[in-house]
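For reference, the chains in residue letters:
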Amino acid sequence: MRRCVVSIALLGLVLGGAAACSKDPAPSTGQQNGPIAVKATDTACEVARGEHPAGTVTFIVKNEGSKVTEFYVYAAGDRVMGEVENITPGLTRELKVELVAGAYETACKPGMVGRGIRGAFKVSGSAQALTGDAKLAAATESYQRYVKSQTDTLLVKTQEFVDAVKAGDIPKAKALFPIARTYWERIEPVAEIFGDLDPKIDGREDEDPFTGFHKLERDLWVDNDVSKSGPMADQLMVDIKEIVQKANSEKLSPLQLANGAKELLDEVATGKITGEEDRYSHTDLWDFIANVQGSQAAVQALRPVLEERSPALVAELDTNFAKVLSTMEKHRAGDGWKLHNELSQADLKELTDVINALGEPVSKVAAVVAG
Amino acid sequence: MLSRRKALTLAGGGIAAAGAAGAITLVAGGPADSPATASSSPAGALEFYGQHQAGIITPAQDRLHFVAFDVVTDKRDKLVQMLEQWSEAAARMAAGRHAGLRGAVGGQPEAPPDDTGEALGLPPSQLTLTVGFGPSLFAKFGLASQKPAALEDLPHFPGDMIRPEISGGDICVQACSNDPQVAVHAVRNLARIGFGVVSVRYSQLGFGRTSSTTREQVTARNLMGFKDGTANIKAEDTDLLREHVWVPSSEGPQWMVGGTYLVTRRIRMLIETWDRTPLAEQEMIIGRDKGEGAPLGMSKEFDEPDFGSDKIVPEAHIRLAHRSTNNGARMLRRGYNFVDGSDGLGRLDAGLFFIGYQRDPRTAFVPVQRSLAGADVLNEYIRHTSSGLWAVPPGVTGPGDFWGRTLLT
Chain A
1 MRRCVVSIAL
11 LGLVLGGAAA
21 CSKDPAPSTG
31 QQNGPIAVKA
41 TDTACEVARG
51 EHPAGTVTFI
61 VKNEGSKVTE
71 FYVYAAGDRV
81 MGEVENITPG
91 LTRELKVELV
101 AGAYETACKP
111 GMVGRGIRGA
121 FKVSGSAQAL
131 TGDAKLAAAT
141 ESYQRYVKSQ
151 TDTLLVKTQE
161 FVDAVKAGDI
171 PKAKALFPIA
181 RTYWERIEPV
191 AEIFGDLDPK
201 IDGREDEDPF
211 TGFHKLERDL
221 WVDNDVSKSG
231 PMADQLMVDI
241 KEIVQKANSE
251 KLSPLQLANG
261 AKELLDEVAT
271 GKITGEEDRY
281 SHTDLWDFIA
291 NVQGSQAAVQ
301 ALRPVLEERS
311 PALVAELDTN
321 FAKVLSTMEK
331 HRAGDGWKLH
341 NELSQADLKE
351 LTDVINALGE
361 PVSKVAAVVA
371 G
Chain B
1 MLSRRKALTL
11 AGGGIAAAGA
21 AGAITLVAGG
31 PADSPATASS
41 SPAGALEFYG
51 QHQAGIITPA
61 QDRLHFVAFD
71 VVTDKRDKLV
81 QMLEQWSEAA
91 ARMAAGRHAG
101 LRGAVGGQPE
111 APPDDTGEAL
121 GLPPSQLTLT
131 VGFGPSLFAK
141 FGLASQKPAA
151 LEDLPHFPGD
161 MIRPEISGGD
171 ICVQACSNDP
181 QVAVHAVRNL
191 ARIGFGVVSV
201 RYSQLGFGRT
211 SSTTREQVTA
221 RNLMGFKDGT
231 ANIKAEDTDL
241 LREHVWVPSS
251 EGPQWMVGGT
261 YLVTRRIRML
271 IETWDRTPLA
281 EQEMIIGRDK
291 GEGAPLGMSK
301 EFDEPDFGSD
311 KIVPEAHIRL
321 AHRSTNNGAR
331 MLRRGYNFVD
341 GSDGLGRLDA
351 GLFFIGYQRD
361 PRTAFVPVQR
371 SLAGADVLNE
381 YIRHTSSGLW
391 AVPPGVTGPG
401 DFWGRTLLT
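As they're listed, the protein sequences go chains A and B.
Quick note on numbering: my numbering labels position 113 of the first sequence as 113, and the sequence is numbered without any gaps.
Quick note on numbering: my numbering labels position 86 of the second sequence as 86, and the sequence is numbered without any gaps.
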């Protein structure tokens with residue numbers, strides 16, 4: 001799980017080339033579609049203008065308070081459209097988001113906690129979206145079909161896992177845990193758009209309250225007792241159903257796809273290779289392969305565009321995906337994968353190397369897509 | 001001070017001119033041993049191109065980031081391509097520019113920057129990048145016949161406590177600079193360019209030079225508190241460099257002419273026990289006085305030691321290490337102090353990262369270390385924990401040339 005959605009949301013919605021390396025434009029309050037100044041203090045969030053025509057909206061956020069702050073733009077249901085985080089006192093940061101007509105909310109979060117100081121924000125009119133290009137639109141649809149297929153199975157497998165937990169069948173629940181998570185980990189780029197649900201479903205023990213997959217994992221592997229885990233399991237199923245429904249009504253922009261592919265590999269590099277993700281069950285390699293497969297699916301959806309624009313990059317991606325998958329083959333165990341703590345330091349180093357080698361070309365996809 | 005950003009515009013002309021000069025030198029085949037092109041300002045830029053690699057006779061900078069890589073590809077053209085990219089990036093970074101063409105903030109907003117950015121606004125800081133090839137590289141890509149005889153694996157020395165995971169490697173990069181962040185930036189960007197071709201095996205930071213490599217530099221102190229490198233070969237000693245450092249065409253292999261050999265050793269010092277040693281005993285062990293650095297029995301640092309005198313005991317470090325004890329063996333040393341935090345027992349994990357350049361380790365480092373390992377009282381206070389041996393090819397002569405071209409093409 002990863003709480004911070006900044007790069008996917010931010011990059012995903014920036015219009016190609018708009019930001020470049022320009023100096024901070026002077027925030028204006030009069031001009032109807034110019035940059036919007038935001039004065040963030042410890043107690044207030046003063047957004048200079050509450051409306052803007054559809055298209056790229058630029059916020060210039062100045063932290064005039066004494067606490068580190070964040071600035072968000074939310075669509076209905078607290079869907080994160082864009083975010084700048086870690087704005088230290090005195091610092092000015094810029095946020096560009098691409099917004100279609102609709103009602104939004106802005107929020108400053110002094111101290112980076114809570115719901116923040118909210119304000120209404122209205123966008124009107126229409127703007128050409130990046131998905132105008134036919135091949136890019138096809139990529140979006142193709143990935144949507146992938147999300148549909150994965151979430152269908154996610155519902156089934158999570159239900160089986162939940163049933164086993166509630167039946168007190170610990171061996172069966174343990175066997176189903178990494179299988180249900182496979183479908184979850186494959187579509188994480190979509191899941192993470194829904195800020196609140198991801199930590200509920202996939203939060204770690206330092207999350208408060210600690211709920212979801214990893215709480216049940218701890219019950220199963222550490223406490224070896226699921227007699228009181230029924231309500232937690234039911235809640236997981238409720239949350240999964242909600243996120244599946246939301247995910248299937250969501251259309252990811254091509255840039256979100258590209259960045260999602262990269263971030264899945266970042267997840268592998270930071271969470272799975274280290275054994276942080278499944279620290280009680282050590283089933284991290286299941287999540288590892290699922291992230292890689294999810295990343296590959298997102299890249300494959302974009303493939304027609306990439307082949308047209310950068311055949312050399314496609315060749316490099318193919319080689320390196322194949323390298324990761326063949327390296328992982330060494331760690332198969334039966335129908336699944338070895339446990340993280342069964343791998344040697346040399347094994348983990350080798351996996352790190354192939355993921356780093358793949359991560360570099362995947363990080364170039366977004367720029368090619370943005371053209 | 002020249003900022004990196006300004007250097008970007010200024011270096012355009014400078015680089016072209018320097019490249020042309022390098023080409024002329026190559027054609028004429030004249031010696032280019034003189035460090036005359038070196039910028040004397042600690043913040044300035046040093047020439048990357050030349051007959052020999054920079055970072056050897058270059059006045060020793062204050063900071064080090066040394067890194068050893070293993071090659072992870074089995075495709076020779078991938079390795080060549082990476083070395084070409086490394087050479088281009090190195091030339092840019094040495095001039096105080098970005099690692100990539102677009103830089104840390106000049107590219108597309110959707111793309112990760114082709115420079116990592118932590119050197120933005122920092123001056124070139126005399127960055128040098130020096131590349132060497134380890135014996136294990138010659139077991140790959142059909143290079144066995146090109147392996148120099150001088151690159152024979154170092155023997156085990158008495159007392160060695162070498163840890164394999166921080167020893168050896170196929171390729172090394174020595175990054176030296178007067179600003180630690182500039183050196184780290186260079187290594188980080190080269191490692192990034194190398195993903196999929198090479199993988200970092202180990203790396204070492206050094207924070208204070210322990211040798212002087214020109215007569216202008218003051219002799220620095222190691223963590224034992226003694227001046228180190230007083231008797232070093234200096235950049236001005238053209239004849240000594242020819243005799244003891246550079247591989248001559250008469251010796252070969254041809255691809256190594258103008259190159260040299262590098263021995264790296266991480267020498268952990270047992271600081272705590274050393275610090276409890278009486279001053280007179282410390283001076284006796286080293287063979288020099290601690291304040292001035294003069295050989296015992298003499299008064300000035302650069303006085304020649306009198307080994308006939310019994311003031312310098314038979315086991316004194318300077319006697320055992322001296323050329324007169326080792327059949328004339330000499331090296332150009334440019335090691336660095338390091339502190340890698342503390343060990344699990346609360347002791348400082350500190351010491352000297354030894355860096356020695358030489359024409360042939362079999363007649364330089366090996367006999368000297370045999371002499372030291374056998375008898376040196378200093379061994380009570382030090383442990384060699386890492387070892388590396390490298391063939392350092394000749395310099396990159398200009399744009400279009402690259403590290404290892406003479407070996408790989």
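If you are wondering where the hints come from, they were derived from the structure by calculation, not from laboratory data.
Each residue gets a CB set at the ideal place from its N, CA and C atoms; glycine is no exception.
Incorrect hints may have been included.
Taking lysine-lysine and the DSSO-like style, the derived pairs with C-alpha atoms no more than 30 Å apart in a straight line are [unchecked claim]:
id, chain 1, residue 1, chain 2, residue 2
1, A, 349, B, 290
2, B, 78, A, 330
3, A, 330, B, 311
4, A, 330, B, 140
5, B, 140, A, 323
6, A, 148, A, 251
7, A, 148, A, 349
8, A, 323, A, 122
9, B, 300, A, 349
10, A, 323, B, 300
Among the chain B residues that face chain A by a calculated CB cut under 7 Å, a handful are [stated by the list, open to error]:
id, residue
11, 108
12, 110
13, 111
14, 122
15, 195
16, 196
Some chain B residues judged to face chain A by a derived CB distance under 8 Å, without partners named [said to hold, decoys possible]:
id, residue
17, 199
18, 270
19, 350
A quick look at each hint next to the structure:
no.: 1; hint: 349/A - 290/B; verdict: 45 Å, violated
no.: 2; hint: 78/B - 330/A; verdict: 25 Å, holds
no.: 3; hint: 330/A - 311/B; verdict: 64 Å, violated
no.: 4; hint: 330/A - 140/B; verdict: 23 Å, holds
no.: 5; hint: 140/B - 323/A; verdict: 20 Å, holds
no.: 6; hint: 148/A - 251/A; verdict: 12 Å, holds
no.: 7; hint: 148/A - 349/A; verdict: 35 Å, violated
no.: 8; hint: 323/A - 122/A; verdict: 48 Å, violated
no.: 9; hint: 300/B - 349/A; verdict: 52 Å, violated
no.: 10; hint: 323/A - 300/B; verdict: 62 Å, violated
no.: 11; hint: 108; verdict: 5 Å, holds
no.: 12; hint: 110; verdict: 4 Å, holds
no.: 13; hint: 111; verdict: 3 Å, holds
no.: 14; hint: 122; verdict: 18 Å, violated
no.: 15; hint: 195; verdict: 5 Å, holds
no.: 16; hint: 196; verdict: 3 Å, holds
no.: 17; hint: 199; verdict: 4 Å, holds
no.: 18; hint: 270; verdict: 27 Å, violated
no.: 19; hint: 350; verdict: 25 Å, violated
Figure legend: structure checked against the earlier numbered hints; hints not met, in rising order: 1, 3, 7, 8, 9, 10, 14, 18 and 19.
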